[in-house]
Amino acid sequence: MELLKKIQSEIDRQSDTIEENLSLSDITIKYGLNSYRYGSSSFLSDLFDPLEITNQTVFYDLGSGYGNIILYGAVKYPETKFKGIEILKERHEVCSSLIQEEKLKNVEAICADIFKTDISDGTVFYIYNPLFDFQYAELLDKLYQVSLSRPIVVIAESRCIFFDQAEWLEQYYFKDIDIIRKIKYYRSKN
1 MELLKKIQSE
11 IDRQSDTIEE
21 NLSLSDITIK
31 YGLNSYRYGS
41 SSFLSDLFDP
51 LEITNQTVFY
61 DLGSGYGNII
71 LYGAVKYPET
81 KFKGIEILKE
91 RHEVCSSLIQ
101 EEKLKNVEAI
111 CADIFKTDIS
121 DGTVFYIYNP
131 LFDFQYAELL
141 DKLYQVSLSR
151 PIVVIAESRC
161 IFFDQAEWLE
171 QYYFKDIDII
181 RKIKYYRSKN
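For the sequence shown, full-length UniProt numbering assigns the number 1 to the initial residue and increments by one for each residue that follows.
For the record, the hints were derived by calculation from the structure and aren't laboratory data. Please note that the accuracy of each hint is not assured.
[Claimed, not checked] Cut-off 27 Å, straight-line C-alpha distance, at most; resulting in silico cross-link-like pairs (BS3-like, lysine-lysine):
no.: 1; residue 1: 89; residue 2: 76
no.: 2; residue 1: 142; residue 2: 103
no.: 3; residue 1: 184; residue 2: 76
no.: 4; residue 1: 76; residue 2: 105
no.: 5; residue 1: 6; residue 2: 89
no.: 6; residue 1: 116; residue 2: 189
no.: 7; residue 1: 116; residue 2: 105
no.: 8; residue 1: 5; residue 2: 76
no.: 9; residue 1: 89; residue 2: 105
no.: 10; residue 1: 142; residue 2: 89
no.: 11; residue 1: 116; residue 2: 5
no.: 12; residue 1: 6; residue 2: 103
no.: 13; residue 1: 182; residue 2: 5
no.: 14; residue 1: 105; residue 2: 6
no.: 15; residue 1: 189; residue 2: 142
no.: 16; residue 1: 184; residue 2: 116
no.: 17; residue 1: 103; residue 2: 5
no.: 18; residue 1: 76; residue 2: 6
no.: 19; residue 1: 184; residue 2: 142
no.: 20; residue 1: 89; residue 2: 103
no.: 21; residue 1: 76; residue 2: 103
no.: 22; residue 1: 5; residue 2: 89
no.: 23; residue 1: 105; residue 2: 5
no.: 24; residue 1: 5; residue 2: 175
no.: 25; residue 1: 116; residue 2: 142
no.: 26; residue 1: 142; residue 2: 175
no.: 27; residue 1: 116; residue 2: 89
no.: 28; residue 1: 175; residue 2: 189
no.: 29; residue 1: 175; residue 2: 76
[Claimed, not checked] Okay, the calculated beta carbon distance ranges per label pair:
no.: 30; residue 1: 89; residue 2: 129; range: 17 to 25 Å
no.: 31; residue 1: 45; residue 2: 16; range: 20 to 28 Å
no.: 32; residue 1: 168; residue 2: 5; range: 38 to 46 Å
no.: 33; residue 1: 173; residue 2: 78; range: 19 to 27 Å
no.: 34; residue 1: 134; residue 2: 79; range: 36 to 44 Å
Quick caveat: nothing in here was measured; it's all calculated off a predicted structure. Think of the CB as a built atom: it goes at the ideal place given N, C-alpha and C, for glycine as much as any other residue.
Could you build all of it, start to finish, from the sequences and the hints given here?
Dropping the structure here:
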């Protein structure tokens, strides 16, 4: 799809410059203690295969960076709602401008802290690696609260151990990406 190639090319072009100029100390002072690592999923076409995507799906990318996943999803699934939450304004603005440029109606970029943002309408939650170890308990509790009102799916890339240990989640799909990275899909049991 040409539109997806165009979007990815623009993200790549802008992210190189932005990441080069970010100062960890400056952004920590501005936004607080968070993990600001940036990584981009290289297997977008496979990411959605184990999911049942419908027009009732509300897909969240928690720590969405430049929006690779939500923009890809929005183009591929035009009847589905995609939302990305990114704390860094610099990354958020790239995604927001692409949404406006391409006139995508089913995607929203939110510049905020994932812990302070209402995600209660979500049904699928993707987490690459936006947190320090001590923050996962709070995230799991927030996701658990959502699962009390509807079944949810959690996709964890990398830091899967925290989700493996959550008694209210069960793993239903696993994919090795490379020697280091893996991705696991979980669904709520209730």
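Where does the structure disagree with the numbered hints, that is, which hint numbers, in rising order?
2, 11
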